[in-house]
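Asker: Go by the hints and put chain B onto chain A.
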Amino acid sequence: MSQSNVNAPAWYTASRVLIPGLLLVALVILAALVSFVWTPFDVTKLNIPAKLQTPNTTHWFGTDHFGRDIFSMIMVGARTSLAVAVLAVGIGLCVGIPLGLTAASMQGSLLDEIIMRGNDLVFAFPALLIAIMITAVFGPGAVNAIIAIGIFNIPVFARLTRGSALSLWQRDFVLAARVSGKGATRISIEHILPNITNLLIVQGTIQFSLGILAEAGLSYVGLGAQPPTPSWGRMLAESQTLITLAPHLALFPGFAIILTVLGLNLTGDGLRDLSDPRIRRR
Amino acid sequence: MITTNSNHHTDAQLRVNGLNLSIHETPILNSVSFDVRAGEVLGIVGESGSGKSMTAYSILQLLPDGSSLSGSVELEGQQLIGASESELCDVRGDVVGMIFQEPMTALNPVQTIGQQVAETVYIHGGVSRRAALKVARETLNRVGLPEAEFALDRYPHELSGGQRQRVVIAMAIALKPRLLIADEPTTALDVTTQAQILAVLKRLVLEDRMALILITHDLAVVANVADHLVIMRHGNIVEQGGVQEVLATKAHPYTRQLFEASGHKPDREGTSLTDKPLLKVDGLIRDYRLPRTRLFGPSRYFRAVDDVSFQLHRGESLGLVGESGCGKSTLTRAILGLDTIQGGVITIDGETVNAHHTMALSLRRKMQVVFQDPYGSFNPRHKVNRLVAEPFHLVKDAPTGNALRAVIAEVLESVGLAASDADKYIHEFSGGQRQRIAIARALVIKPALIILDEAVSALDVSIRAQILDLLASLVDTHDLSYLFISHDLSVVRSITDRVLVMKAGKLVEQGPTEQVFLHPEHPYTQSLIAAVPQLPD
Numbered sequence: 024m025s026q027s028n029v030n031a032p033a034w035y036t037a038s039r040v041l042i043p044g045l046l047l048v049a050l051v052i053l054a055a056l057v058s059f060v061w062t063p064f065d066v067t068k069l070n071i072p073a074k075l076q077t078p079n080t081t082h083w084f085g086t087d088h089f090g091r092d093i094f095s096m097i098m099v100g101a102r103t104s105l106a107v108a109v110l111a112v113g114i115g116l117c118v119g120i121p122l123g124l125t126a127a128s129m130q131g132s133l134l135d136e137i138i139m140r141g142n143d144l145v146f147a148f149p150a151l152l153i154a155i156m157i158t159a160v161f162g163p164g165a166v167n168a169i170i171a172i173g174i175f176n177i178p179v180f181a182r183l184t185r186g187s188a189l190s191l192w193q194r195d196f197v198l199a200a201r202v203s204g205k206g207a208t209r210i211s212i213e214h215i216l217p218n219i220t221n222l223l224i225v226q227g228t229i230q231f232s233l234g235i236l237a238e239a240g241l242s243y244v245g246l247g248a249q250p251p252t253p254s255w256g257r258m259l260a261e262s263q264t265l266i267t268l269a270p271h272l273a274l275f276p277g278f279a280i281i282l283t284v285l286g287l288n289l290t291g292d293g294l295r296d297l298s299d300p301r302i303r304r305r
Numbered sequence: 119m120i121t122t123n124s125n126h127h128t129d130a131q132l133r134v135n136g137l138n139l140s141i142h143e144t145p146i147l148n149s150v151s152f153d154v155r156a157g158e159v160l161g162i163v164g165e166s167g168s169g170k171s172m173t174a175y176s177i178l179q180l181l182p183d184g185s186s187l188s189g190s191v192e193l194e195g196q197q198l199i200g201a202s203e204s205e206l207c208d209v210r211g212d213v214v215g216m217i218f219q220e221p222m223t224a225l226n227p228v229q230t231i232g233q234q235v236a237e238t239v240y241i242h243g244g245v246s247r248r249a250a251l252k253v254a255r256e257t258l259n260r261v262g263l264p265e266a267e268f269a270l271d272r273y274p275h276e277l278s279g280g281q282r283q284r285v286v287i288a289m290a291i292a293l294k295p296r297l298l299i300a301d302e303p304t305t306a307l308d309v310t311t312q313a314q315i316l317a318v319l320k321r322l323v324l325e326d327r328m329a330l331i332l333i334t335h336d337l338a339v340v341a342n343v344a345d346h347l348v349i350m351r352h353g354n355i356v357e358q359g360g361v362q363e364v365l366a367t368k369a370h371p372y373t374r375q376l377f378e379a380s381g382h383k384p385d386r387e388g389t390s391l392t393d394k395p396l397l398k399v400d401g402l403i404r405d406y407r408l409p410r411t412r413l414f415g416p417s418r419y420f421r422a423v424d425d426v427s428f429q430l431h432r433g434e435s436l437g438l439v440g441e442s443g444c445g446k447s448t449l450t451r452a453i454l455g456l457d458t459i460q461g462g463v464i465t466i467d468g469e470t471v472n473a474h475h476t477m478a479l480s481l482r483r484k485m486q487v488v489f490q491d492p493y494g495s496f497n498p499r500h501k502v503n504r505l506v507a508e509p510f511h512l513v514k515d516a517p518t519g520n521a522l523r524a525v526i527a528e529v530l531e532s533v534g535l536a537a538s539d540a541d542k543y544i545h546e547f548s549g550g551q552r553q554r555i556a557i558a559r560a561l562v563i564k565p566a567l568i569i570l571d572e573a574v575s576a577l578d579v580s581i582r583a584q585i586l587d588l589l590a591s592l593v594d595t596h597d598l599s600y601l602f603i604s605h606d607l608s609v610v611r612s613i614t615d616r617v618l619v620m621k622a623g624k625l626v627e628q629g630p631t632e633q634v635f636l637h638p639e640h641p642y643t644q645s646l647i648a649a650v651p652q653l654p655d
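As they're listed, the protein sequences go chains A and B. One gets this note's numbering by counting positions in the first sequence from 1 and adding 23 to each. One gets this note's numbering by counting positions in the second sequence from 1 and adding 118 to each.
With the rest of the complex left out, here is chain A (with noise of 0.2 Å):
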């Protein structure tokens, strides 16, 4: 009954929404690694003369109130976002899950209350103001940034895993793995979590692409990557005094977060689609 029409599978809508998405994202790594051995000038090197250019031939996307060359700057700055990013969304996901699927395999029990309340008290705070009290602590760097978004993202997928294992447990294959004498651990590795990875993609890249944001966010207050390293949160911020004057400069680093975003969003959706062997193989 619930056939797709034949003349556009699903595979083909999933991988509609998935190209586009790899490709904005695939170009932000590719200008983050060749950032590494090659940028059109040199971010560190101030050349007051060429200062507030428009884009031209030889700056492509202008130049700041230093003269340094913006396109050079994004190309950096996507290193520290990615960086930010990735390693944020991976603390949430290597100590996240592993307490969701704790939790739900001891349901109402003490330690499942200890987990769940433990992360409604880290998700009570804002993450800007894990990173201010981190920062107080251990002083402004893109490492704090890190471990500030990530202790943020502990609790999203501590919660998101416990609540779709709960369901899965109840499934009757869980209690035929039962019946079959497996463990709880054994149990919620090989049955409860390939069936919430695609959940985890979806939430994974929102996560991702809310790092950028948050990564942007700190650095635009002051609390992330310290100068001279470019990021494109402190871009952002310091273009905004020269708005009316150069708004090249707050357009680019814009348009860079807006683009990684995007791409990551469309990524996850078409992940999430192809991950289902029931789309997959019709």
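Simulated from the structure, these hints should not be mistaken for laboratory data. Just so you know, even glycine gets a beta-carbon here, dropped at the ideal spot from N, CA and C. Be aware that a few hints might be false.
Using 30 Å as the maximum straight-line C-alpha spacing, the simulated DSS-like pairs for lysine-lysine come out as follows [said to hold, decoys possible]: (1) Lys398(B) / Lys621(B); (2) Lys383(B) / Lys624(B); (3) Lys484(B) / Lys368(B); (4) Lys368(B) / Lys394(B); (5) Lys368(B) / Lys294(B); (6) Lys205(A) / Lys514(B); (7) Lys398(B) / Lys624(B); (8) Lys320(B) / Lys252(B); (9) Lys484(B) / Lys514(B); (10) Lys564(B) / Lys205(A); (11) Lys564(B) / Lys394(B); (12) Lys501(B) / Lys205(A); (13) Lys484(B) / Lys205(A); (14) Lys394(B) / Lys320(B); (15) Lys383(B) / Lys398(B); (16) Lys205(A) / Lys542(B); (17) Lys621(B) / Lys320(B); (18) Lys398(B) / Lys205(A).
If you want a taste of the chain B side facing chain A, the calculated C-beta under 8 Å gives, among others [as the list claims (entries may be wrong)]: (19) Leu456; (20) Thr458; (21) Gly461; (22) Gly462; (23) Asp491; (24) Ser495; (25) Phe496; (26) Arg499; (27) Leu512; (28) Arg559; (29) Ser645.
Computed beta-carbon distance windows for the label pairs [stated by the list, open to error]: (30) Gln429(B) / Gly113(A): 52 to 58 Å; (31) Gln193(A) / Ala369(B): 42 to 48 Å; (32) Gln130(A) / Ala536(B): 24 to 30 Å; (33) Thr208(A) / Ser185(B): 45 to 51 Å; (34) Arg523(B) / Gly277(A): 55 to 61 Å; (35) Pro149(A) / Ala478(B): 48 to 54 Å; (36) Ser645(B) / Arg39(A): 56 to 62 Å; (37) Ala49(A) / Leu479(B): 48 to 54 Å; (38) Gln460(B) / Gln193(A): 20 to 26 Å; (39) Thr595(B) / Thr208(A): 35 to 41 Å.
Answerer: Leaving out everything else, chain B in the frame of chain A:
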């Protein structure tokens, strides 16, 4: 009774002629034609995929995207095919009422039953809220929910499944529709409730002189209620006519096949019954903790299984019948060692079962289980070979590599599937095939006891007959005992040697199957057996 009706009303209330339906170029219905008269019940019978539900949806044109419908549907002379959406909205709910299978999801949980019944009256009837509520009250009285117990401000969760289905019926008939369509209205209900709901429907049809289309997979259900019968297969009507004629002559081979499959008795002569007890349950008690009503109040408990004792012998097939909520599934989980019990002893071959991880794997090996839902009992992300091999977790020196493949091939072939099916995903199989895979999974480690928890309840009658045959033949080849749990008494009667009857957590009767069915002693057993719809012989 039937003939007098048709004498008075020769005009058909609903006339369906040459209905063709295809969805995305796939033909679903093929020139379906039938009439229903006022005050008459038309039964549409068919197995899954026969197009019986799609026929009903075509009448109301509640069809999925990409459907193309042609033919003629005349309701009291009004042509519905080609009617505009606003005209159809007037017809739906007003002239035509509809009842769906699942009473649990058909009601809005946050609205009172009074509001929900009054809603249809208010929308279509053009009356005030107060008048609508008055109609709702009267309608609820008519479907057997009197005011004293079922005030308008009750919520759906306070009612049982049968009572909810009565509310759904009240919603459908509140405006006295000319045509009522009931799609499997009793399939999700217990037998005694089913009998009551069918009686209510029959009474309402006669009182209001409605036409009723009763869609079901169960010939026995319509045999007692319907006046006319339409038998469908693969989108075609294979046979139609008065219910007595169709069931007496069984002119079409498919009708005969359906009829035989409904009362199918597998050949079980070869079974070797022994006196050696395999499973012993003694004084079993299982309590559930209820949610606390106050923060520091004492915990309250619900006793789901109350002092149950029985034995199952090697080679025996033991039935356990009871209605939903009687504790059947709780008992199953306790026997399988999945839940901690609060009292009593369960032993298998003299070894005690407990839900602790100390329970020996060698003991767990002795039992396997097959569940009801062929769609939910498999991890959709694994291939069949991995699914079937799962119980090997219980075996220390489990076969690997080619040896494992050979074992899986063998077990798949023993349940009537091909060895090559091992490399497919579970969604590539039909319900019946999935149930065979579930049996293969249970068989693969050669257990002594298989618990079949409503294992054939979700299957079509012809598939059910095949699975019952398979189960009967496996007893001999694999030296098995079954604990067969079901709400379906006719199935239990056909496959078990002894039967236990359970009510509200207690065993009320047990004995040899035929003796219990022919001479039930407990009043509850008697009411259960009396409620089973019977096919004429």
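Asker: Hint by hint, say whether it matches the structure.
Answerer: Quick rundown of the hints versus the structure:
For the hint pairing Lys398(B) with Lys621(B), the CA-to-CA distance comes to about 20 Å; that is within 30 Å, so the pair holds. Taken as a hint, the Lys383(B) and Lys624(B) pair is honoured in the structure, with Cα atoms around 29 Å apart against an allowance of 30 Å. Taken as a hint, the Lys484(B) and Lys368(B) pair is broken in the structure, with Cα atoms around 45 Å apart against an allowance of 30 Å. Between the alpha carbons of Lys368(B) and Lys394(B) the distance comes to roughly 45 Å, so the proposed pair goes past 30 Å and is violated.
Between the alpha carbons of Lys368(B) and Lys294(B) the distance comes to roughly 35 Å, so the proposed pair goes past 30 Å and is violated. The hinted pair formed by Lys205(A) and Lys514(B) meets the criterion: a straight-line CA distance of about 13 Å does not exceed 30 Å. A hinted pair counts as satisfied when its Cα atoms are at most 30 Å apart, and Lys398(B) with Lys624(B) qualifies at roughly 16 Å. With a C-alpha separation of about 24 Å, the suggested pairing of Lys320(B) with Lys252(B) holds against the 30 Å cut-off.
The suggested pairing of Lys484(B) with Lys514(B) holds, with an alpha-carbon distance near 14 Å, which does not exceed 30 Å. Using a Cα cut-off of 30 Å, the hinted pair Lys564(B) and Lys205(A) holds, with the two alpha carbons roughly 18 Å apart. Straight-line distance between C-alpha atoms of Lys564(B) and Lys394(B) comes to about 18 Å, which keeps the hinted pair within the 30 Å bound. Proposed proximity of Lys501(B) and Lys205(A) is supported: the alpha carbons are some 18 Å apart, at most 30 Å.
At roughly 15 Å between alpha-carbon atoms, Lys484(B) and Lys205(A) fall within 30 Å of each other, so this suggested pair holds. Between Lys394(B) and Lys320(B), the direct Cα distance comes to roughly 50 Å. Violation of the 30 Å bound is thereby established for this hinted pair. Proposed proximity of Lys383(B) and Lys398(B) is supported: the alpha carbons are some 28 Å apart, at most 30 Å. In summary, the hint linking Lys205(A) to Lys542(B) is supported, as the alpha carbons are separated by about 24 Å, within the 30 Å threshold.
As the CA atoms of Lys621(B) and Lys320(B) are separated by approximately 28 Å, the hinted pair is consistent with the 30 Å bound. Taking the CA atoms of Lys398(B) and Lys205(A), the gap is near 24 Å; set against the 30 Å cutoff, the hint holds. Hint status for Leu456(B): holds, given a least beta-carbon distance of 6 Å to chain A, under 8 Å. For Thr458(B), the shortest C-beta to C-beta distance to chain A is roughly 13 Å, which exceeds 8 Å, and the interface hint is violated.
Among the interface hints, the one on Gly461(B) is violated; its C-beta lies about 21 Å from the nearest C-beta in chain A, farther than the 8 Å criterion. Nearest Cβ of chain A to the Cβ of Gly462(B): about 20 Å, over the 8 Å cut. The hint is violated. A distance limit of 8 Å between C-beta atoms decides the matter here; for Asp491(B) the minimum to chain A is near 6 Å, and the interface restraint holds. For Ser495(B), the interface hint holds, since its Cβ comes within 8 Å of a Cβ in chain A; the closest pair sits about 4 Å apart.
Annotation: interface hint on Phe496(B) holds; nearest CB of chain A at approximately 5 Å, less than 8 Å. For the restraint placing Arg499(B) at the interface with chain A, the shortest Cβ-Cβ distance is roughly 4 Å, inside the 8 Å limit, so the hint holds. Because the smallest distance between the Cβ of Leu512(B) and any Cβ of chain A comes to about 5 Å, under 8 Å, the interface hint for this residue holds. For Arg559(B), the suggested interface contact is upheld, since its CB lies about 7 Å from the closest CB of chain A, less than 8 Å.
Taking 8 Å as the C-beta contact cut-off toward chain A, the hint placing Ser645(B) at the interface is violated, the least distance being around 30 Å. Taken as a hint, the range 52 to 58 Å holds for the pair Gln429(B) and Gly113(A), whose Cβ atoms sit roughly 56 Å apart. For the pair Gln193(A) and Ala369(B), the supplied restraint of 42 to 48 Å holds, since their beta-carbon distance comes to about 47 Å. Under the hint 24 to 30 Å, the C-beta atoms of Gln130(A) and Ala536(B), about 40 Å apart, miss the expected range.
The hint said 45 to 51 Å for the Cβ distance between Thr208(A) and Ser185(B), and at roughly 48 Å that hint holds. Separated by about 58 Å at the C-beta atoms, Arg523(B) and Gly277(A) satisfy the suggested range of 55 to 61 Å. Distance hint check for Pro149(A) and Ala478(B): the Cβ-Cβ separation is about 52 Å, which falls inside the suggested range of 48 to 54 Å. A hinted range of 56 to 62 Å holds for the C-beta pair Ser645(B) and Arg39(A), which are about 59 Å apart.
In this structure, Ala49(A) and Leu479(B) meet the distance hint of 48 to 54 Å, their C-beta atoms being roughly 49 Å apart. For the pair Gln460(B) and Gln193(A), the beta carbons lie near 22 Å from each other, so the given range of 20 to 26 Å is met. The supplied range of 35 to 41 Å is met by Thr595(B) and Thr208(A), whose beta-carbon atoms lie about 36 Å from each other.
When the structure is compared with the earlier hints, violations turn up for hints 3, 4, 5, 14, 20, 21, 22, 29, 32 and for no others.
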